[in-house]
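Novice: In the order they appear, the protein sequences are chains A and B. Sequence positions in the first sequence follow the numbering used here and run 641 to 882. Sequence positions in the second sequence follow the numbering used here and run 641 to 882.
Same chains, same names: a pair is fine if it fits in one copy or spans any two.
The calculated lysine to any residue pairs, modelled on SDA-like cross-linking and capped at a C-alpha distance of 20 Å, are:
hint, residue 1, residue 2
1, Lys692, Glu726
2, Lys692, Asp725
3, Lys765, Asn738
4, Lys724, Glu699
5, Lys654, Pro722
6, Lys865, Glu808
7, Lys735, Gln874
8, Lys673, Asp782
9, Lys689, Asn753
10, Lys673, Arg695
11, Lys692, Pro722
12, Lys724, Arg695
13, Lys864, Leu879
14, Lys743, Leu803
15, Lys724, Phe696
16, Lys654, Asp675
17, Lys794, Arg719
Hints are computed from structural coordinates only; laboratory data are not their basis.
Protein chains: 2
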Amino acid sequence: MSDFTGKTEVSNLKPDRKQIRQLKQVLGFRPRKSDLYYLALVHKSAATKIYKNPRFNNERLEFLGDAILDSVIAEHLYRIFPEKDEGFLTQLRSKIVNRETLKRISLKLGIANLVISKVTNDNHKSVYGDALEAVIGAMYLDKGYKRTKRFILKRIVDHHINLKKLSETEIDFKSRIIEWGQKNKKDINFTCLDESAEHGKTPFFVSHLLIGDEIIGIGSGTSKKEAEQNAAHQALLYLENN
Amino acid sequence: MSDFTGKTEVSNLKPDRKQIRQLKQVLGFRPRKSDLYYLALVHKSAATKIYKNPRFNNERLEFLGDAILDSVIAEHLYRIFPEKDEGFLTQLRSKIVNRETLKRISLKLGIANLVISKVTNDNHKSVYGDALEAVIGAMYLDKGYKRTKRFILKRIVDHHINLKKLSETEIDFKSRIIEWGQKNKKDINFTCLDESAEHGKTPFFVSHLLIGDEIIGIGSGTSKKEAEQNAAHQALLYLENN
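Work out the full structure: start from the sequences and follow the hints.
Specialist: Next up, the structure:
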């Protein structure tokens, strides 16, 4: 393993005194490798437009922070729900680690205010949440796993995540996509085929979700409901990314 | 945070002396919380059939281990490829952390030999790889992040992963699905629509992958090739899981 000190990053820019004070307030500690946190706040639009260097952006740190966040949440759920199976844990984690929740937390922690970007958040829905993940990546490189875990559990999970409520809420993707259709005046249709016969009689359904006559989501499951939920989930991801 | 000691797991079964010796050989150290490693080796088919307790299986530990493995690989790639962007890192990680590679490593490390299962691996392609991830989860709970990271980097990455070769290999999903079709005598077809006009003239393509007349993959991209690759990738995931 190479001994990474942050020097291999393209960052020569460091936060000024005011920015360090702001960072300290948000993080709850004084950052050591402050250039990493600065980089964590730079959206790629600013990298190109302000710094004239497309590589000076937070995407690599976001990649790292995303993984660390996933781990910490995985362990936390594993510990506090000893009776629950893997399916429950996976689903609950995806309710915590998703674009909307991360954006909300980024705003509440004050990270969103520090983001350096040339796009409005409305166009790029993930700017604030991505910056939160990038800050977690920077923190991991600066302070290590344990300290970052403490930050995530104390400052994020304890304060801003209602695990009980989340674990009881079912995400209804089908309702969401139908709402989206109504709002955007698009005709949403589901088809559902029972393919049980081809699967040795185990119940097996395949659902297609269509906007007009274009299929934008496919899902399968052991019930019609599950197949449609999966198709709707895929369609929502498709719409988010296009 | 609750202080997890493994007691909340359903495991009362511990490995016997011979099994502990085998574990030690595989891990390179003597496990402390040996019941966790034992649990990590139990596929759910054995939980139901042998232990008469469907909850006595490795799925929860696999959930945890999967996240830890992702983090460690993320950090490793982040450090050794300082010049590469997030897209490269994500793609390279998915070439490392996938069913086939994990199965291969599980076999090489000797973990596969210790798996307790009532299914043949041919039916459940992920049994061995899942057990590897579960062992990583057990190790994390037993020894902590640093020690687990060292295991992953020294015993897995250094010995069994050729990063240079992997980073140069492009995964060609389209060829793979066509091969699959030939092998399974299924007719694979792609349709591709140029939807650039609807996307403000940015190049934008949508591809559907059909087996017979059933759509099993959809993909989009800024080129026909990218859209088809994405559709093929989705179709392969669909086939793997059904």
